[in-house]
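Chain order of the listed sequences is A and B. With our numbering, letter number 697 in the first sequence gets 697, and the count goes up by one each step, no holes. With our numbering, letter number 96 in the second sequence gets 96, and the count goes up by one each step, no holes.
It is worth saying that the hints were derived from the structure and are not from the lab. Some hints here could point you the wrong way.
[Claimed, not checked] Covered stretches of chain B (in silico footprint by chain A; criterion: 3 or more residues with CB under 8 Å from a CB of chain A, positions within the stretch not fixed):
hint : region
1    : 75–87
2    : 114–120
[As the list claims (entries may be wrong)] Chain A side only, calculated, beta carbon under 7 Å to chain B, not exhaustive:
hint : residue
3    : G487
4    : I488
5    : E542
The beta carbon of each residue, even a glycine, is placed where N, CA and C say it ideally should be.
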Amino acid sequence: MAQDAALEASKPKAVNDTPFNADETLVSVESPGKRWFMAAVSVAALLVYASYLTYRALFTINQDAIVFSLLVFFAELHGFVALFLYFHQLWHLRKRRVVPAPSGLKVDVYVTTYNEDVDLLRQTLRAAVAMRYPHDTYVLDDGRRAEVRALADEVGCRYLTRPDNKHAKAGNWNNAFKQTSADFIATFDADHVPRADFLERTLGFFRDPKVAIVQVPQRYHNLDSVQHRVNWKTRRVISEQDTFFNLVMPGKDHWNAAFFCGTGAVLRRKPLEPHGGILTDTITEDLHTSVVLHSEGWKSVYLNETLVTGLAPVDLKAFAIQRLRWSEGNLNAAAYANPVTVPGLTASQRVSYFASLYTWTNGLPKLIYYLAPPWMLFTGTFPIAHFDSTFVAVYLAFLSTLVVSYQIVSRGTGHLLMDELFNMVSFFTSLRAMKRAAFGRGKPGRFEVTSKRGDGTRDLTPVLPHLALLAFSALAVTWSLMGLGFGINDDVGGAGTAIFWTLYNATLMVTVLRMSGRPADTRADCRFRANFAVEARGTWTEAGKIGVTADVSERGCSLLWPEPIEMGRRVDLRVHFGPKPMDCTGEVVSDQGRQRDGWHRYGVRFPNLTTADMDLLSDVAFNLVVPDLMGTLTEPAWLGRQWRRLTLAFARRNRARRQAVRVPMKVRYAGSSFVTTVRDVSATGLQMQSPLSLPLGARVRVTMVAPGRTWTTDATVARTDLRASDMGFDTWIMGLRFDREARIEDVESFQRSDAA
Amino acid sequence: MTLPKFFITLGLVTLLQSGVFAWRYSDLLYLGQAESVIANSSPETFARNADAALERTTLTRRHLDTIAGVAKKFNQPGFEVRALRRRLELDARDEQIKIQLADALRRSGALSESEALYRDVLRTSGSEAR
Numbered sequence: 001m002a003q004d005a006a007l008e009a010s011k012p013k014a015v016n017d018t019p020f021n022a023d024e025t026l027v028s029v030e031s032p033g034k035r036w037f038m039a040a041v042s043v044a045a046l047l048v049y050a051s052y053l054t055y056r057a058l059f060t061i062n063q064d065a066i067v068f069s070l071l072v073f074f075a076e077l078h079g080f081v082a083l084f085l086y087f088h089q090l091w092h093l094r095k096r097r098v099v100p101a102p103s104g105l106k107v108d109v110y111v112t113t114y115n116e117d118v119d120l121l122r123q124t125l126r127a128a129v130a131m132r133y134p135h136d137t138y139v140l141d142d143g144r145r146a147e148v149r150a151l152a153d154e155v156g157c158r159y160l161t162r163p164d165n166k167h168a169k170a171g172n173w174n175n176a177f178k179q180t181s182a183d184f185i186a187t188f189d190a191d192h193v194p195r196a197d198f199l200e201r202t203l204g205f206f207r208d209p210k211v212a213i214v215q216v217p218q219r220y221h222n223l224d225s226v227q228h229r230v231n232w233k234t235r236r237v238i239s240e241q242d243t244f245f246n247l248v249m250p251g252k253d254h255w256n257a258a259f260f261c262g263t264g265a266v267l268r269r270k271p272l273e274p275h276g277g278i279l280t281d282t283i284t285e286d287l288h289t290s291v292v293l294h295s296e297g298w299k300s301v302y303l304n305e306t307l308v309t310g311l312a313p314v315d316l317k318a319f320a321i322q323r324l325r326w327s328e329g330n331l332n333a334a335a336y337a338n339p340v341t342v343p344g345l346t347a348s349q350r351v352s353y354f355a356s357l358y359t360w361t362n363g364l365p366k367l368i369y370y371l372a373p374p375w376m377l378f379t380g381t382f383p384i385a386h387f388d389s390t391f392v393a394v395y396l397a398f399l400s401t402l403v404v405s406y407q408i409v410s411r412g413t414g415h416l417l418m419d420e421l422f423n424m425v426s427f428f429t430s431l432r433a434m435k436r437a438a439f440g441r442g443k444p445g446r447f448e449v450t451s452k453r454g455d456g457t458r459d460l461t462p463v464l465p466h467l468a469l470l471a472f473s474a475l476a477v478t479w480s481l482m483g484l485g486f487g488i489n490d491d492v493g494g495a496g497t498a499i500f501w502t503l504y505n506a507t508l509m510v511t512v513l514r515m516s517g518r519p520a521d522t523r524a525d526c527r528f529r530a531n532f533a534v535e536a537r538g539t540w541t542e543a544g545k546i547g548v549t550a551d552v553s554e555r556g557c558s559l560l561w562p563e564p565i566e567m568g569r570r571v572d573l574r575v576h577f578g579p580k581p582m583d584c585t586g587e588v589v590s591d592q593g594r595q596r597d598g599w600h601r602y603g604v605r606f607p608n609l610t611t612a613d614m615d616l617l618s619d620v621a622f623n624l625v626v627p628d629l630m631g632t633l634t635e636p637a638w639l640g641r642q643w644r645r646l647t648l649a650f651a652r653r654n655r656a657r658r659q660a661v662r663v664p665m666k667v668r669y670a671g672s673s674f675v676t677t678v679r680d681v682s683a684t685g686l687q688m689q690s691p692l693s694l695p696l697g698a699r700v701r702v703t704m705v706a707p708g709r710t711w712t713t714d715a716t717v718a719r720t721d722l723r724a725s726d727m728g729f730d731t732w733i734m735g736l737r738f739d740r741e742a743r744i745e746d747v748e749s750f751q752r753s754d755a756a
Numbered sequence: 001m002t003l004p005k006f007f008i009t010l011g012l013v014t015l016l017q018s019g020v021f022a023w024r025y026s027d028l029l030y031l032g033q034a035e036s037v038i039a040n041s042s043p044e045t046f047a048r049n050a051d052a053a054l055e056r057t058t059l060t061r062r063h064l065d066t067i068a069g070v071a072k073k074f075n076q077p078g079f080e081v082r083a084l085r086r087r088l089e090l091d092a093r094d095e096q097i098k099i100q101l102a103d104a105l106r107r108s109g110a111l112s113e114s115e116a117l118y119r120d121v122l123r124t125s126g127s128e129a130r
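Please build the complete structure, drawing on both the sequences and the hints.
This is the structure we're talking about:
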């Protein structure tokens, strides 16, 4: 009897012991008034689009070029459906109120791997093991590598493998599913590093017994990836997946249609058991599994918090492989669980899932749009019967309505040009996927792992279709110009329009070609753009000389140093990673010359790093740098951006404006001193990241350092915010107020020294 | 494939395309010259190019005017009539073209059609119309 009681006590607590409905955690992002406004704009835009299509169908189909004309009309019709689906998904944006995780849940964490670098995996496994909520971590190695087994032993997780690679990642996952027993499974790709509170933030939703999936967004820390655009001056970052994770998924969550994205998610075991785990019929097991679970009445939750960061494809080749897998898999999923017909889904879930599939058919209309203008130039035929002022007026009205409504409904965060660019990047991938899905129905595609680090080469293979299009467009423009020049053709208006359209497309193609050259560097490791003060040690230079990093990676850094260093020289350095300085030897392996602001920039390799040092660098990256980047690289909405532009334009010129800088600084306080970097500076004060807690009102003396000059002043701590960390990286963001207002020339000389 | 190779290939293809253009539009390039220059060439050359040009579905006004003008000089009213008929399709209300066509028809022996066209011009713009 006592044994039974003990057994009962040892069982995990039921998560549904208190009635709880996860729908209660859904909170509207917008006020009812704003939602009505958004709905009205959506409906109005769709009505305008429908009217335009009616006008096109009735009055502008060119009977003399009927096939060409109908193809262009089809592309416009496709756009209408896409817009309807987009607006449907954004009908009601929701966010989630986090509920505390019940204690005592049994949780397993799966980290799937196949051929990723062990160093990369090490970061993920260490972070997975370090998550606070009690759990068991498993590394699921489909590569059957001894070094991964050793790594698992070292970091304290369990190693699972299997004799074959059947069903790729899904098969690997299911192999672990059969060998483990926890009620909840958190799953991460090999490059997705979770935050320590990942489980605490996500498990609470499972108090609702109907919740099967909790998904968080996929954010990426390699901002030099092919899908990011970063303006370091304004500290704005745009990612190609922003719209999906910031708008579409919160919108889907409203319809209970947010789906499992393969990583950064927690799944309940119970609904997966009848299926033996996740579904293996397609190469996008995540979407397929989600459709099936939703059709069985289970719920999903999307928590839009950055709890995991991973690596985005670094080059176009990796990007194309990833998107081909997604598009092919998603289109193929319809063959197994067609969201339009599968029983059990609500109408809104059907529309939402259909939208996710429909997105991947975008390649066909895009191809028509890319080929239409050169075709017009070569043949002199137009898809419009009467290219007159009436059509131009109608078209411009329609287009402007479309652009404005898209921007409004995208809540000011739409990036039409970025969308157009990535449509250009992906159109051929989409066509390939459509072909494979159409002709390979029922056959799962080949699962190709996305390269996490690229190969550092300039491979034009992924852009061959773009090169062909570019050549076709260039020849068409030349042909047309020759025709105009030699008087063969006198339709300047028609040819001019087609040339303009062709050049617009060609600009996108050239941008894609330029992207094919990224990443510009050949360093194998991810570079984290971060500024840490670096102090000279030993006797190789003047004692106390300080510089700053421009970026750091697992094996080195870009160093900004105030004086020249010989190539190949080994230098002893202390890198001030907040509260954990690292003493190391650096070898100068590249010289990028003297920068405009006087700093000498060097590529420095750390040749003698111990495992502990590398772990420290990894911890620095994921506990100091990534949270800081995610916190500061924020993009205000359109209105905010215009307001900031306006205020900057009218800012008083007789006072140095606050501006982000990265210069090293010595701080003296109460008889001791430390070295750090300045984050921003103005005429009246500065902001720094301090490794020490200083009380409000504390008096400090600061010395900012730049090549050939220093500036010292007394200041008072006016603001201090703790940035807590689980890994011993507690730092304080401090605002210091100068005792006397700085002269413009004092401060601006440092503002020009923006290292990063 | 590298980008320099691509652009070199594109340059070569553009040159090739220029050749194709010259071959494809040799008749129109010939007719694009000044009338006085064409008039110095042989009537056979003109006839060959004019015939090829008039076989095309689209021609510019300038080409049609050139064909009509030179054909008149070479006394080849057949080409003149064909060119002016096409010209009239582009500007159906142009009285001047109608008169030119009526004149060319008269010279080519199509008197009844010529008369009808003259009458049409008189009816629409002459004193009878007023």
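Numbered hints the structure breaks, given as an ascending list:
Hint check: 1, 2, 5 fail, others pass.
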